[in-house]
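Given chain G, put chain H in place with the hints provided.
Take a look at the letters that make up each chain.
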Amino acid sequence: MIKKLLIRLAIILALVFVFNLVYKNYFLKDDLMKIPIYDSLQSHKCCSEILYLAESSNLTVANTDTDRRRISDMISDYYPGLEFGTVNYGAIHGSVYYKLMENIPDENRVKTLIITLNMRSFGADWIYSKLESLLQRDNVMMDVSRPPLINRFFLGLKAYDNRMENERREQVGDAWEKNILRFPYDFPYRNVNAWDRALADGSFKKADGSWDMPKIQLATSYVKTYGFQIDTLSNPRIADFDKIVEYAHSRGWNIVLNLLAENVEKAKELAGKDLIYLMQQNRDLLVKRYTRMGALVVDNLEAVPSEQFIDSTWTTEHYAEKGRKIIAQNVAEAMRIYHPDKYIDGKNLPVYICNFDVPSPQFSAGNPSTDISRSGKQSCLLTPEFPYSASFRKLHSEIDTSNNGRVRVSAWVSTRGNIGDLKLVVSFENEKTGLIKWNGNISDAADDKIPSWKYIEVSHEIPTPIREGDFMKIYVWYTGNDKAYTDDLRVEFVK
Amino acid sequence: MVAGYYALPHRWRWVLLLAGSYYFYMCWRVEYIVLILASTLIDFWSSGQMEKTEKKSIRKAYLMLSIVSNLGLLFAFKYYHFATNSSEEILSWFNVFYHFPDLEVLLPVGISFYTFQTLSYTIDVYKRKLPAEKHIGYFALYVAYFPQLVAGPIERYDRLAPQLKAVHVPLYENFSNGFRLLLYGLFVKMVIADNLAVYVQQIYDNPSIYSSYSILTGLLFYSFQIYADFYGYSIMAIGSAMMIGVNLMDNFKTPYLARNISEFWQRWHISLSTWFRDYLYIPLGGNQVKIPRWALNIFLVFTISGLWHGASWNFVIWGSIFGLMFLLERFFQDTLGWITPEKWGIRRSLGVAKTFLIVSIAWIFFRSPNLGVVKNIFNSVYSNTGMEDSFHVPPMVWILFLLFLLSDILLFNNRFDRWCNNHPMWLRWSIYGVLIFAVMAFGGTDNQPFIYFQF
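Protein chains in written order, with numbering that gives the first Met the number 0: chain G, 0 to 494; chain H, 0 to 454.
Just to be clear, a hint being listed does not mean it is correct.
[Claimed, not checked] So the derived label-pair ranges between C-beta atoms look like this:
| hint | chain 1 | residue 1 | chain 2 | residue 2 | range |
| --- | --- | --- | --- | --- | --- |
| 1 | H | Gly-47 | G | Ser-144 | 51 to 59 Å |
| 2 | H | Asp-101 | G | Asp-211 | 27 to 35 Å |
| 3 | G | Glu-306 | H | Tyr-381 | 36 to 44 Å |
| 4 | G | Ala-90 | H | Asp-101 | 49 to 57 Å |
| 5 | G | Gln-216 | H | Asn-369 | 29 to 37 Å |
Keep in mind that the hints were calculated from the coordinates and are not lab data.
No residue lacks a Cβ here, since even glycine has one placed at the ideal position from N, Cα and C.
Next up, chain G with everything else stripped away, as it sits in the complex:
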């Protein structure tokens, strides 16, 4: 009987081996593309020299922002000679970042990884978040240590931490009860629950003597979110980031951990110095631990003023324009040690990028398409009916030409037809007299890694003297009869 069983077991294993090849060749791609974060990584993993992995801190902008670009785009202002890629998705954290890193192929151009180190993600509220089951589900398919068919099988079996929402709530409640808060001085509350109850029992009153419920709710929210002390032995995020740093080193990548800013001013106002003590203690631990492990930790914890936090009724790391710029500058300047020759002072550098994924205020709308993209999800579709891409338009009087004034423009283009039909146009015109100068260029510089995308660049001095009504217009023009796409249109004013 044993022999009979073993023969059958061997046949089954052989079948599984063959099925794995079938699955890998015919079904895997579709399944992976259902994971948005993985899909996003595909656009960047080969060509990016700097890869920025982040959660919603990089996605969110304020309605009033003039510059609506992401933090990662703003960092790229300081390194115009380096190719930046951004992978971001709401609520992701260390364990997802690690899986993403594992999915970067051996052949890649990555030199530096910038990863957000979100302090909140070390707290129970996030560790046991209701979103965790979905993230863990996606992680299963991104596991590179197993054959793809086995990953898919595990996904079907729901062989991951797939707790229901009520179970997650219980886990959070347990953590708030069991994690004892320790201070070097007398502190009246043993744990978060006790602290929370004390605040909820009436910490804030309005002028008329009634309870200020919104304020109380916000205060308790701050305590629940930041009222923890990281236990390096049991905190799963510590394990994740330890692996991230070690793995980055093993792949030869520089690793920059961007410790995100929290609304410390608000935390102090609502919950007092005790909460700040915990936040700073956690910050110190993270900075020391990962600096010791060889990562570059950029401490932004207290860098952003309170008014730059977009959400005022709950705790997030969503910053308005100025807040994003502060973080970008801090990260960019800190990572000069890795790319000293590529760094420029990008603080006030007029660089404008249109990636067709997030709105760029200086560019007109264009014709966005999800057919293909070089970065993110969208590019700009060009057809005989719509031959012009989104265009950049700026009055000369708005440009600082004091330092010789050149404009360097680049774009990535792709077409099944004749690549020569695509032109990157820099046009200097006057509102009254019309065209002054026109430059349409096609470069044959191709990116071998992604043959379908070609890079075009034009550099042109800005004509002087400047007269009233002079303006420049920059766009990609398609003169062919097929379809063409352009992405990552970039306008930079250089000295």
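What follows is chain H alone, placed relative to chain G:
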């Protein structure tokens, strides 16, 4: 577990199975093991006491102890909210506004299954159909035997206990058949039920934004989702038990090929139907009473069966629909001679279609969280004809669904393991190959707990 079972001497095997069963249950929630232990101890003790005495009144008292404690647990954990909410509603009709105390408890997984299983034992001991078990270990194992603990089949003591006590040796046939059932069960649950669930959920979440065609597709899918979900579990339970030589009863026999409602319940959740027949319908008088009383009994049994599934009016209505349809069918059969033949042909096909239609309509009450959703579905089916919507079922899901339909027809009055035994090796292994690939590559990805776990 299987390896450990055969490795151990026979006298210790029950310990392994019992420990494994309790561990299995505690994986869900540790503290609720107390309920199974309480049920086990009370029933073991009361049945022992029943056997010791000849006095019927004393025996009855012990029986009542068993019934009250088991149904009491069931009431407290499953029906308390329904009973208090309904009572509050009824009292409010008379301008009496009373709020019963809340009982914040989670419904223990499988409580309806193991309470009914252990109740059948005490009733049988009371009726002297069975001698009381002397070995508490085997009795505890009967109550908690892991393959069928949380979703049946609801086994009878005289079928299961002797098998648990028997000396089993490893047999190739048992492994082979057990593997076949596990494989087919995984296919039915993971590939069919879990994939269909996504589209069913979509429709039931907001029926009004979908066209009549999409809603009808969703309703069709639910009929097969619940079947595949429960049937899949049942055959996996049978397959797991078979690996250690225990034959659990069949719980399904291609129910959607039933000619009428009566036959449907002889093919669907057979262990529950027979439980209700033996422990409720027959004690109420069975068919040995006058027709109006018999009709009332039938209606009552189906309604209670509905309530067994869930504590809400939806389930009561669901059960009542079956009761009513059963009586109507019997009326037409007896008075007009409308008997659907057993032999396949146009009349039988029409009978199958009619039964499937009734069952599918009844499932709407079963699946909907409340009667508002039921109303919404009926309204939307009626009014959303020709509407454009975003409901899209990928071709692969249709292919898998049709594959399941085909396999179910092929397995008419049969079971996958037995069917395999009658077919050549090349065909068997081709089918295993398809099933293995489907299970590994096309299992549903969303978390879909077994529907019947909640009962």
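Against the structure, the hints:
{"no.": "1", "hint": "H:Gly-47 with G:Ser-144: 51 to 59 Å", "verdict": "holds, 55 Å"}
{"no.": "2", "hint": "H:Asp-101 with G:Asp-211: 27 to 35 Å", "verdict": "holds, 30 Å"}
{"no.": "3", "hint": "G:Glu-306 with H:Tyr-381: 36 to 44 Å", "verdict": "violated, 55 Å"}
{"no.": "4", "hint": "G:Ala-90 with H:Asp-101: 49 to 57 Å", "verdict": "violated, 33 Å"}
{"no.": "5", "hint": "G:Gln-216 with H:Asn-369: 29 to 37 Å", "verdict": "holds, 30 Å"}
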